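Work out the full structure: start from the sequences and follow the hints.
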Amino acid sequence: MQTSANLVWLIALPLFSSAILLLAGKRANSWGHVMATIVSASAFTIGFVEFIAMQSRADENRAVAQKLFTWISVGSFNVDASLLLDQLSICFVLLITGVGTLIHIYSIAYMSHDLDRRRFFAYLNLFIAAMLLLVLGDSYLNLYVGWEGVGLASYLLIGFWNQKPAYATAAKKAFVANRVGDVGLSLAIMIAFATFGDVSFAGIKEHVEHASSTQLTAIGLMLLLAACGKSAQFPLQSWLGDAMAGPTPVSALIHAATMVTAGVYLITRSNFIFDEAPIAQLMVLIVGGITLLFGAIIGTAKDDIKKALAASTMSQIGYMILATGLGPIGYAFAIMHLLTHGFFKASMFLGAGSVMHGMKDEVNMRKYGGIGKFMPITALTFGLGYLAIIGVPPFAGFYSKDKIIETAFNAGGMKGLALGIATLLGAMITAFYMTRVVILTFFGNERWGHKDEPHESPALMLIPIGLLSIGSIASGFILSKGEGLVHWLEPVVNPLKEHHDEFLPPIVVSLMTLTVVAIGILIAVSKYRGDQLAQAPENVSVLTKAARRDLFQDDLNESVFMHPGQTLVRNILNIDYLVLDGLVRAVGSVSLTAGSRLRSLQNGYVRSYALLMIIGALALIAAIWVVTA
Amino acid sequence: MAIANYLYLSAILFTIGAVGVVIRRNAIVVFMCIELMLNAANLAFVTFARINGNLQGQVVAFFTMVVAACEVVVGLAIIVTIYRSRRSISVDDASLLKR
Amino acid sequence: MNLLTIVGVLPLISALLIAFIPSKNAELIKRAAFAATLVVAIASIFLVTGFDKSVTGMQYVQSNTWIEAFNINFAVGIDGISLVLILLSTILVPIVILATWHESDLGRWSSKSFYILILVLETLMIGVFAATDLFLFYVFFEAMLIPIYFLIGGYGTGNKSAAAVKFLLYSLFGGLLMLASVIGLYVIAGNQIGATFDLTQLATLEIDSNTQNLLFLGFFIAFAIKAPLWPFHTWLPDAAKAATPGTSVLLLGVLDKVGTYGMIRFCIALFPDASKTFTPLIITLAVISIIYGAFMAIGQKDIKGLIAFTSISHFGFITMGIFAMTTQGMSGANLYMVNHGFSTAALFLVAGWMMMRRGSSTIADFGGLQRVTPVMAWTFFIAGMSGLALPGLSSFVSEFLVLVGTYTRYPVAAVIGTLGIVLAALYILIPIQKTLHGPITSGNENLKDLNLREKIAIAPVILIIVVMGFYPKPVLDIINPTAEKVVVNAGFTDPVAKVGK
Amino acid sequence: MLIAPSLIYSLIAPILIVLGGALIGVLVEAFLSKAHRAAVQITISIGTLLLALQQLWRIRDLSSTTAAVNSVTIDKAGIFLQATVVVLALVAVLLIADQENFVAQASAVPGSNEEKNSLQEKSQQTEIFPLFLFAVAGMMLFPVASDLITLFVALEVFSLPLYLLAGLSRRRRLLSQESALKYFLLGAYSSAFFLFGAAFLYGYSGTISLSGISAAAGSANNIFLLIGIVFVSVGLLFKIGAVPFHSWTPDVYQGAPTPITGFMAAATKVAAFGALLRIFYVGFAQEQTLWRPLITVIAIITMLFGSLVAIAQRDVKRMLAYSSIAHAGFLLSGVVALSKDGLVASLFYLFAYGLTTIAAFGIITLVRDSSGEVTDLNRWIGIGKKSPLVAGSFAFILLSFAGIPLTSGFIGKFAIFSSAYKSGYISLVVVGVLSSAIAAFFYIRVIIMMFFTDPVNDSVSVVIPSVKSRISIIVATVISIILGLMPSLLLNAATTYANFIK
Amino acid sequence: MINLALDIGKTAGPEAVLFYFLAPLSVFAGLGMLIVKKAVHSALLLAWIMVSLAIFYIAQDALFLGIVQVVVYTGAVMMLFLFILMLVGVDTSDSFTETIRGLRAIAITAAIGFGGLLVTLIGRATFNRPITGLASVNSNGNANGLAKELFTQYVFAFEVVSALLITAALGAMVLAHSQKTRSPFAQRDLSIARFRKDNLKDAAGLPSSGVYALHNAVDVPALLPTGKAAPTSISAVLEARGDMIESSKFQLQQEEEEK
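Residue numbers (our numbering), protein chains in the order written: chain L, 1 to 629; chain F, 630 to 728; chain S, 729 to 1229; chain H, 1230 to 1731; chain V, 1732 to 1990.
Hints listed in this document are in silico derivations from the structure and should not be mistaken for laboratory results. Everything numeric in this text was worked out from a predicted model, so none of it was measured. It is possible that part of the hints are untrue.
[To be verified] Here chain L is said to cover these stretches of chain H; the calculated rule only asks that three of the stretch's residues, wherever they fall, bring their Cβ under 8 Å from a Cβ of chain L:
| id | stretch |
| --- | --- |
| 1 | 1326–1340 |
| 2 | 1533–1541 |
[Unchecked claim] In silico DSBU-like cross-links for lysine-lysine, where the CA-CA straight-line distance does not exceed 30 Å:
| id | chain 1 | residue 1 | chain 2 | residue 2 |
| --- | --- | --- | --- | --- |
| 3 | F | K727 | H | K1345 |
| 4 | H | K1697 | H | K1345 |
| 5 | L | K164 | S | K1183 |
| 6 | V | K1928 | H | K1345 |
| 7 | L | K67 | S | K1201 |
| 8 | S | K752 | H | K1614 |
| 9 | L | K527 | L | K360 |
| 10 | F | K727 | V | K1879 |
| 11 | L | K164 | S | K1029 |
| 12 | S | K752 | H | K1345 |
| 13 | H | K1263 | H | K1345 |
| 14 | V | K1879 | H | K1731 |
| 15 | S | K1176 | L | K26 |
| 16 | H | K1351 | V | K1928 |
| 17 | S | K1183 | L | K205 |
| 18 | S | K1183 | L | K26 |
| 19 | S | K752 | S | K1176 |
| 20 | L | K67 | S | K781 |
[Stated by the list, open to error] Calculated Cβ distances over 10 Å to all of chain H for the following chain V residues:
| id | residue |
| --- | --- |
| 21 | L1794 |
| 22 | A1807 |
| 23 | D1825 |
| 24 | T1828 |
| 25 | I1831 |
| 26 | R1832 |
| 27 | I1837 |
| 28 | G1844 |
| 29 | I1853 |
| 30 | A1874 |
| 31 | S1909 |
Cβ atoms here follow ideal geometry from the backbone N, Cα and C, with glycine treated the same way.
Below is the structure:
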């Protein structure tokens, strides 16, 4: 395998930049954002150079590696800090640094009034570094560092305005939910080490066929748990909506385009395990299926534009996860959808940010309306993203989502049918709620209560949105052209290893998809045509109520984990004081009591002392008496 | 008659002396009971001397008498002192030191 | 006198010298104490340069007759395990002194006695890790209680004397049980190979299993109390709450390590068979400690109590790693001791500054500190992240090693232990949210951020936490050979991976 | 025809010197004017003790079973024990010399004008010195006596002066006299037990010498022997304060003048344990299966009882009394051990414990208010602030009692428990450590009171001790510290000297 | 009793008669010591026991001891006891209500157990060596034999006993002898003191109690020439002890007239 000394700089540059910004303090206020953006751009440049270099090599030589140092080495447990850049990681590197850079640029303007802008950029750079480490690590343990690193960055960014208690709580919630996922990753690594004696991707892949399916299933399920945490999949999805507390660029970068897709990366990266663990794979499908519907349903009921988009993200990642569960070919489509989603969702989030920017940080769509004419560029780009996500050809989403639906049907049997219907249903609901968002925001009457008219955002914000829009138009076409991405990824995921029979001809699937999408749009248009949109309707169906409450996920968490947990803590506190500490105190008080009881023997009367002596002597004599009897 | 009878007598007198110390309150009587115990021991010594056929037991008994005499002097001096301070020779009254 | 002895004796000599400085001259005393401990720290770093990593036995060995009648020697020496712990002690002491410069001003007694106690304590700490004579170890082990007792009782806050007594009595109780075992071992040695307290010789004894179990328990309970392991932990929160932050750092950071150190050095080395017998029980206790400590920490309203309970959780990890009897577990546990020392030091020192500024240790009295005192908030945050074993910080490496090492032998324990990391997130993030985030609580508006002295004091700790997270190799290289030897001597070999290499 | 008995005067010289010193003291009382008596008496006492010590040093390598016909056996252990008694007496005499603690005129009724007058005239009861020397002589004789008569006589010789001395406290005289009465009555009571037991030993063996008793083992059915052992033990266990024969200890310790308490607590233990060890090691060794379980049980009860009850004490002297009971239990382990190790440990323990005890009581004499010593623990609060050095020394002493490492108490405990363990009495070790843990509680509580509690507005103060007291306390404390750090100094000697000849 | 077959012939005869006559009596006397109220009776009972024992000593070939027992114990020691009893009040009698709850019951139970165990234990004892008797060692006379032992074998103990005697003497002196701290306050001194007082009212001395009163007891105040009672005429000690009866009825009824 080729080595390259450049990889480390991909991570080191943003990491150092972040450290400098944090350590320099106020002194860096004036130039911090510029440096951060330059660093991000440099990382993109490096990534791009590597990509070009990679393309120029033959398929099997494309991966490059760099060993930095021995990280942990104890007995047979050896983990090097080494980086691996292969066809899969380069996709992510480009996405992360590319979208990242755009969002840096966007943020310069978006955050210009914030006193802590420097800190924001430090966090962003930290995120970039951690995310790159996540995708570049050559072993699960290295990945783990990046995995938690992005979690930390996400925590910091969600809680960027942590003086608001709700935001701080949201940050904490995200971290804790992620930690639950991390347990899965930890356990997966442990099982892997116990099974293979190694935790590097290459090492495990090499021996994977010797492992029993139980072990592989265990690893797979644990990895899935990890993915659920990070990618906000059922049942660990509840944090994502709250995570919208972070500044909008963060939502775009972390909670839409990159970090939340790490679960998809993880499963794709672990394809060699999942391919051998059908039960785990089935679970992946189930989780993906549930989440895509779950997210979509929630999306229909949200009035907060960011939360609606977040629900959408959840749903879209559900698609990707579902795709990864579909076997070798699915990985490629998952990655493709991941990339296209990265573009259009980032662009829509930034668009939403732009709207908020113009609307004095108002997020409630019911207070929007008719913004399109005040913010035409934003409306345009948002619209492009909209078309992409609902899968209208030739926009990016069409290519990727269509493939997933198609592959889902091709999974065969009842499974295929169920998955296919689920994905179709998802597509319909997606069309519905996205149309709803667009209508509520850009069309209809103006429902904001103040006189100031919304204004279009500055160029520094619009340019990144524009660039992303281009991506959302073109990326699907480019990536699927000649099955380019599929072939590109072939050495990593073997997408062409097996081939399913086609359940339906592709064109039929496409038509079905387009039909349901159209139905979705029509329902939305008919429902949100009226003027009575300023207030959310009160008497709504049970389903809507449920959707508004995130399908009771928070309530479930509270009643199943939080409340019992709190009760448990209270009880343990009591037990500790009453029982454990109580025992210790009891020993003390028993001694004291015994002491004072025995003390009363010493009553001051010499006669009773003499009696005590007689009794003592009597006891001794009695002992002899017994012994000699 | 068995010589052991003297031993029984000795044991009984010793016990009477020992219990007398416990149930009498007059310090002097208490002290006399102790003397009784010493006498009981002496009787045992004399008896054992006879059994063993040597005079060591009698020697001890002799010493005991001397020692007892000294003890009596000291003891009575203490009792008198107490009496002079407290106007009482009840051992129960001397019970301030306790617990 | 080899370097080790010199390092050990230096603080004591400094204490004697400081005794001659008039108590009024507090500032001079502080400087002298700091200088002395700094010299000790630097000298101890030279221990590393002269340490041959390839040798698994004791190095810097010195042995002088102390009590002829019982064949007790002043025998010291270090191997990898003790070297890193000595380094931990010597490095932490000057940091603590610098960080808690004014801590002694409010005490019942003069600053002079404070620093004399600290210096004496340092000698004892070095001694306890360096002793290779069981009796000598015991002497240090028990004698250490006295300075800490006076430090808590004389300079602490709140219900200090009750806490000091609880600490002392609890520890004494354990120590006395251990004494019974020490005596037993001594007598058995006397019957088999001639009276001796030499550790290597004691390890060769052949003891029948019943006796071995009892002797083992004597040692183990003493160490479990010290560590502290559930359910012997109840003294720790009280002591930590009552002690000043500096004392707490030494207490939790170094002294309690003697418990886990003792388990490795004595329980396992001297009684391998009994260790085997009791391992399931101990692993269970360790797992309970992890979870229980975490839950207790979550429920704490007092910062000091919180940190104390997090430590109980962490000590559960350490104990689990030790008794997993794998090289990963053993090395990881040993590394964990060092890492926990530094991360607790960071937490406690920063918490101490917060409490000193606010005049309260109740979590609810803080809030929004990130706006008021950003530097302090950041150090607290990093320390907290280290406490929840964030990858990239030092504790992660050790925690993961412990878990991996445990999993290969006791998967269930490791799985339950892993749940601890979720709880860790809760017990760290909840107080972080309450203290650093949210609106600024009234009374906190004018808190001062860290001054230069405090920054200088905390910087090396943070640096160590970060560097050791990415590059623990130098320390692991010191630990590994010894840890492997311990496992092998105990009659264990690492479980082999089922497939693959 | 009488054959003149042969006394080897050179071997019994130490005892004779002390007796002689006491006699000179009596003469001084008779013939010297009051003004000079005190100084002369002190000089005589110290001189006598030093001379006795010198004589002990001279005979350190000699031994004989016939030092005084068959009554006295001078051997290594005996010399060691005698030397211990003399050293403790030397330290104690300096405290006793501090007249502040003793009654001005014992015959004066408490509270009477006569008492006031004699106090005003600063008269002194200098008879305490000869009495003290008699007691020392008795204590020296007790552990070397090798027949029952001599044992009994020696017992009385050291007991009678102590009964008297216990009643001579300057302050709280009623309590002091009460303690004398109790000590006397119970002491005489226990003597009677001892004597009764001696009679049965004699009846069993036909002889009253220890070696004869040992030699007679197995010659007859052992009931008389057992009765004898039990009753003799009662007498001796009373002297060492073992439960249930301990009751006198707290009352007498509290009531007696503090220097006497210190001396009594330290030296009586040495003498009584010396005799106990000799009797059990020499006389009863053959019958060990019979008495070892009994003594083990008593040791266990004693340790636990002493430790537990001490917790509930509010008076420092009473607390130390119970502590001494607990220590008697520990020391009994050495008797049960019945081995050279046990003897070494006991010898070391006795010396170390004795010194520490005298230092402790010496310090107690220093804590006073306007009406004399303050022994109420509640009023000791905060004296660490008033006088850190004195409180510090006391704390050290308490830690030594508690057996914290680096103190002599710890080495003693270790030695004695390991000897018990070696002899198979693991139960003693376990109970021993448990009761040590309990005992630690009350020692530490005193430290807390002295150091960690704020002084209330109280008139208690720590007086500047007189030169004599100061020397005594400092010497005792310093030697204790040295013994903790370098126990070999004494342990080697104890090892060399741990030998009873039969 | 059967086990301990120690008889050597002659005990069967007069000694047995003596024993069976005296032994029960001394036991009864002992029990009497426990129950008689007056200490002096106890003392006499003890003296009786001691004399009985002296007779037993003589019967057991311990002639010297028998004599010494009578002389030293019954003669000297018991006298001392009686002296002291006189000193503290020969009539003092114990109250037999037990103040310490349960003590007597426990004591008697313990004593019965103690004595019973002791007696049965002695009953179990056996000897496997011949009983030699004292005939041979007493061949030169009991006193001689004893003297020989005393002055050879046990001479050291004998000498040490002297220390005991001195201690006893010294102790008695310490506790009883009061050194005169000043010359006694004689009549002359008292007189001088009266005249040196500020007030010469009492210069002639205080009135004696009972003078001119209707009653001449020491606790009745004297009547002054005015007919008033003089409280100073009563000893302060009586007053302090509260040993005074109400005496106003013996005084002249003069209060009203004065008014």
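Going through the hints against the structure:
1. Proximity of the stretch 1326–1340 of chain H to chain L, defined as three or more residues with a beta carbon under 8 Å from a beta carbon of that chain, is not established by the 0 residues found.
2. Under a criterion of three residues with beta carbons nearer than 8 Å to beta carbons of chain L, the stated coverage of the stretch 1533–1541 of chain H is upheld, 6 such residues being counted.
3. The suggested pairing of F:K727 with H:K1345 holds, with an alpha-carbon distance near 28 Å, which does not exceed 30 Å.
4. Proposed proximity of H:K1697 and H:K1345 is supported: the alpha carbons are some 26 Å apart, at most 30 Å.
5. For a cut-off of 30 Å, the pair hint linking L:K164 to S:K1183 stands: about 28 Å separates their Cα positions.
6. For a cut-off of 30 Å, the pair hint linking V:K1928 to H:K1345 stands: about 23 Å separates their Cα positions.
7. Under the criterion of a C-alpha separation no larger than 30 Å, the hint pairing L:K67 with S:K1201 is consistent with the structure, at around 15 Å.
8. A threshold of 30 Å between alpha carbons decides the hint, and for S:K752 with H:K1614 the separation of about 16 Å falls inside it, so the pair holds.
9. Between the alpha carbons of L:K527 and L:K360 the distance comes to roughly 27 Å, so the proposed pair stays at or under 30 Å and holds.
10. Between F:K727 and V:K1879, the direct Cα distance comes to roughly 49 Å. Violation of the 30 Å bound is thereby established for this hinted pair.
11. Of the pairs offered as hints, the one joining L:K164 and S:K1029 holds, with about 21 Å between alpha carbons and a cut-off of 30 Å not exceeded.
12. Between S:K752 and H:K1345 the CA atoms are separated by roughly 47 Å; this puts the pair beyond 30 Å, and the hint is violated.
13. Straight-line distance between C-alpha atoms of H:K1263 and H:K1345 comes to about 18 Å, which keeps the hinted pair within the 30 Å bound.
14. Between the alpha carbons of V:K1879 and H:K1731 the distance comes to roughly 25 Å, so the proposed pair stays at or under 30 Å and holds.
15. Restraint check for S:K1176 and L:K26: the C-alpha separation of about 17 Å stays at or below 30 Å, so the hint holds.
16. Among the hinted pairs, H:K1351 with V:K1928 is consistent with the structure: their alpha-carbon atoms are about 29 Å apart, no more than 30 Å.
17. A distance of roughly 47 Å separates the Cα atoms of S:K1183 and L:K205; the hinted pair therefore is violated under the 30 Å criterion.
18. Between the alpha carbons of S:K1183 and L:K26 the distance comes to roughly 17 Å, so the proposed pair stays at or under 30 Å and holds.
19. Only pairs whose Cα atoms come within 30 Å are accepted, and S:K752 paired with S:K1176 is accepted, the gap being roughly 28 Å.
20. For the proposed pair L:K67 and S:K781, the alpha carbon gap of about 24 Å is at most 30 Å, so the pair holds.
21. With a least beta-carbon separation of about 20 Å from chain H, V:L1794 lies farther than 10 Å from that chain, consistent with its non-interface assignment.
22. The Cβ of V:A1807 sits about 17 Å from the closest Cβ of chain H, beyond the 10 Å cut-off, so the non-interface label holds.
23. Consistency note on V:D1825: stated as away from chain H, and its beta-carbon is indeed over 10 Å from all of that chain's, at 16 Å minimum.
24. The claim that V:T1828 is not at the interface with chain H holds, since no C-beta of that chain comes within 10 Å of its own (minimum 22 Å).
25. At the 10 Å boundary, the C-beta of V:I1831 stays outside the reach of chain H, the nearest C-beta of that chain being 13 Å off.
26. At roughly 17 Å from the closest C-beta of chain H, the C-beta of V:R1832 stays outside 10 Å, upholding its exclusion from the interface.
27. Residue placement check: V:I1837 keeps its beta carbon more than 10 Å from all beta carbons of chain H (closest about 13 Å).
28. The claim that V:G1844 lies off the interface holds: its Cβ sits roughly 14 Å from the closest Cβ of chain H, which is beyond the 10 Å cut-off.
29. A Cβ of chain H approaches the Cβ of V:I1853 within 10 Å, the least distance being about 8 Å, so the stated non-interface status is violated.
30. The beta carbon of V:A1874 is kept farther than 10 Å from every beta carbon of chain H, the shortest such distance being approximately 13 Å.
31. Not every C-beta of chain H lies more than 10 Å from that of V:S1909, the closest at about 4 Å, which undercuts listing it as non-interface.
Violated hints for the displayed structure, listed by number in ascending order: 1, 10, 12, 17, 29 and 31.
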